[in-house]
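Asker: Below, each chain spelled out in residue letters.
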Amino acid sequence: MEIQKRNDVTVIVMDDRFDAAVAQKLKDVVRNIAEQDRIKLVMDLAKTRFIDSSGCGALVASLRAVIKNNGDMKIASPSAQARSLFQLTRLNKVFEIYDDVEAALKSFSQNV
Amino acid sequence: MENELTVRIEVPAEMIMIRPLDVFVRNLIQQLPAFCGTEGLVDNLELAFSEAFTNICRHAYKSERKGPVTIVIRVGSNQLEFRFEDNGESFDPDKVRSPNLDKPCEGGLGIWLMRQVMDEYLYHSEKNGKNVLRLIKHISA
Numbered sequence: 197m198e199i200q201k202r203n204d205v206t207v208i209v210m211d212d213r214f215d216a217a218v219a220q221k222l223k224d225v226v227r228n229i230a231e232q233d234r235i236k237l238v239m240d241l242a243k244t245r246f247i248d249s250s251g252c253g254a255l256v257a258s259l260r261a262v263i264k265n266n267g268d269m270k271i272a273s274p275s276a277q278a279r280s281l282f283q284l285t286r287l288n289k290v291f292e293i294y295d296d297v298e299a300a301l302k303s304f305s306q307n308v
Numbered sequence: 326m327e328n329e330l331t332v333r334i335e336v337p338a339e340m341i342m343i344r345p346l347d348v349f350v351r352n353l354i355q356q357l358p359a360f361c362g363t364e365g366l367v368d369n370l371e372l373a374f375s376e377a378f379t380n381i382c383r384h385a386y387k388s389e390r391k392g393p394v395t396i397v398i399r400v401g402s403n404q405l406e407f408r409f410e411d412n413g414e415s416f417d418p419d420k421v422r423s424p425n426l427d428k429p430c431e432g433g434l435g436i437w438l439m440r441q442v443m444d445e446y447l448y449h450s451e452k453n454g455k456n457v458l459r460l461i462k463h464i465s466a
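From first to last, the protein sequence lines are chains A and B.
Each residue of the first sequence is one higher than the last, beginning at 197 in my numbering.
Each residue of the second sequence is one higher than the last, beginning at 326 in my numbering.
Be a bit skeptical, because a hint or two may be false.
Unchecked claim - No more than 30 angstroms apart at the CA atoms, straight line, and that leaves these computed lysine-lysine pairs for DSS-like:
#, chain 1, residue 1, chain 2, residue 2
1, A, Lys289, A, Lys302
2, B, Lys387, B, Lys455
3, B, Lys391, B, Lys455
4, A, Lys289, A, Lys221
5, B, Lys455, A, Lys223
6, B, Lys428, A, Lys289
7, B, Lys462, A, Lys223
8, A, Lys221, A, Lys201
9, B, Lys462, B, Lys420
10, A, Lys289, B, Lys455
11, A, Lys243, A, Lys201
12, A, Lys223, A, Lys302
13, B, Lys391, B, Lys428
14, B, Lys420, A, Lys289
15, A, Lys264, B, Lys452
16, A, Lys223, B, Lys391
17, A, Lys243, B, Lys420
18, A, Lys221, B, Lys452
19, A, Lys289, A, Lys201
20, A, Lys201, A, Lys264
21, B, Lys452, B, Lys420
22, B, Lys452, A, Lys243
23, B, Lys391, B, Lys452
24, B, Lys452, B, Lys387
25, B, Lys420, B, Lys391
26, A, Lys302, A, Lys264
27, B, Lys428, A, Lys221
28, A, Lys243, A, Lys223
29, A, Lys302, B, Lys428
30, A, Lys289, B, Lys391
31, A, Lys223, B, Lys428
32, A, Lys221, A, Lys302
33, B, Lys428, B, Lys455
In short, the hints are calculated from the structure, not lab data.
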């Protein structure tokens, strides 16, 4: 995964597969980042061809960690497979999902 | 190509195997006539496979006691079957609580997802300590 900074928003770009092999690493990374108060985080899934329940669990854990310190997390660019899985598990009602990173970044400034 | 195909693989139940296995399984399925042009179905099969293998690594074999997993992929004219055999701890899938989708959790979706995307989820344990999980998808003619 790659961590980027876009102004005051942290963007985490996930790799091709978002599964149990990387889920714990993401949770550890987000836990560290989320220690800051009011963190703004975008999970960029543009490169993620496949996500399973471990990936979904890591996203839920990340959202919880961020919200705990008054921050917010959004998801950008999910693939058709990811959208289908989010819909099946009703996580599409839990996550704020945007078609691309720019839209997700823009939503932070609109939330002010 | 013949309608019947059986592939048998034995690997260690280690998370490092999940990616090469999933790449292999996806590439295999995509080449089968019954699955050409059905990306959504292939996605679901890959998901079921990934969930099953992950569960075996995490739960059948605890950290100190690793072991092998035998995977058999059997494709017939009217069904595809993933069969996983391990010698780890057995469990009763009927005692696993279904997830409450209105209260998102960080885990516990694997078996439920396998049951959603596959047509049959069959698990049994044999007296010799072998656990067998069969995931079956029916294929339309």
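Asker: Sort out whether lysine 452 of chain B lies within 30 angstroms of lysine 391 of chain B, counting only the CA atoms.
Answerer: 20 angstroms, holds
Asker: Is lysine 243 of chain A within 30 angstroms of lysine 201 of chain A, Cα to Cα?
Answerer: 18 angstroms, holds
Asker: Is the Cα-Cα distance between lysine 455 of chain B and lysine 223 of chain A 30 angstroms or less?
Answerer: Judged against 30 angstroms, a Cα distance of about 34 angstroms means the pair is violated.
Asker: Mind checking the alpha carbons of lysine 428 of chain B and lysine 455 of chain B for me, to see if they're no more than 30 angstroms apart?
Answerer: 35 angstroms, violated
Asker: Could you grab the alpha-carbon distance between lysine 289 of chain A and lysine 391 of chain B and see if it respects the 30 angstroms cut-off?
Answerer: 38 angstroms, violated
Asker: Given the hint that lysine 289 of chain A pairs with lysine 302 of chain A, test it: the Cα-Cα distance must not exceed 30 angstroms.
Answerer: 20 angstroms, holds
Asker: Has the given pair, lysine 221 of chain A with lysine 302 of chain A, been kept, meaning a C-alpha gap of at most 30 angstroms?
Answerer: 27 angstroms, holds
Asker: Is it true that the CA of lysine 391 of chain B sits at most 30 angstroms from the CA of lysine 455 of chain B?
Answerer: 14 angstroms, holds
Asker: Holds or violated: lysine 223 of chain A with lysine 391 of chain B, Cα cutoff 30 angstroms?
Answerer: Given that 30 angstroms is the threshold and the Cα spacing comes to 25 angstroms, the pair holds.
Asker: Does lysine 289 of chain A pair with lysine 201 of chain A here, judged by a C-alpha cut-off of 30 angstroms?
Answerer: Between lysine 289 of chain A and lysine 201 of chain A the Cα gap is close to 27 angstroms, so the pair holds against 30 angstroms.
Asker: For lysine 391 of chain B and lysine 428 of chain B, compute the direct alpha-carbon distance and say whether it is at most 30 angstroms.
Answerer: Given that 30 angstroms is the threshold and the Cα spacing comes to 33 angstroms, the pair is violated.
Asker: Next pair to validate is lysine 221 of chain A with lysine 201 of chain A; report whether the Cα-Cα distance is within 30 angstroms.
Answerer: 19 angstroms, holds
Going down the numbered hints, you'll see the structure goes against 5, 7, 10, 13, 15, 17, 18, 22, 30, 33, while the others check out.
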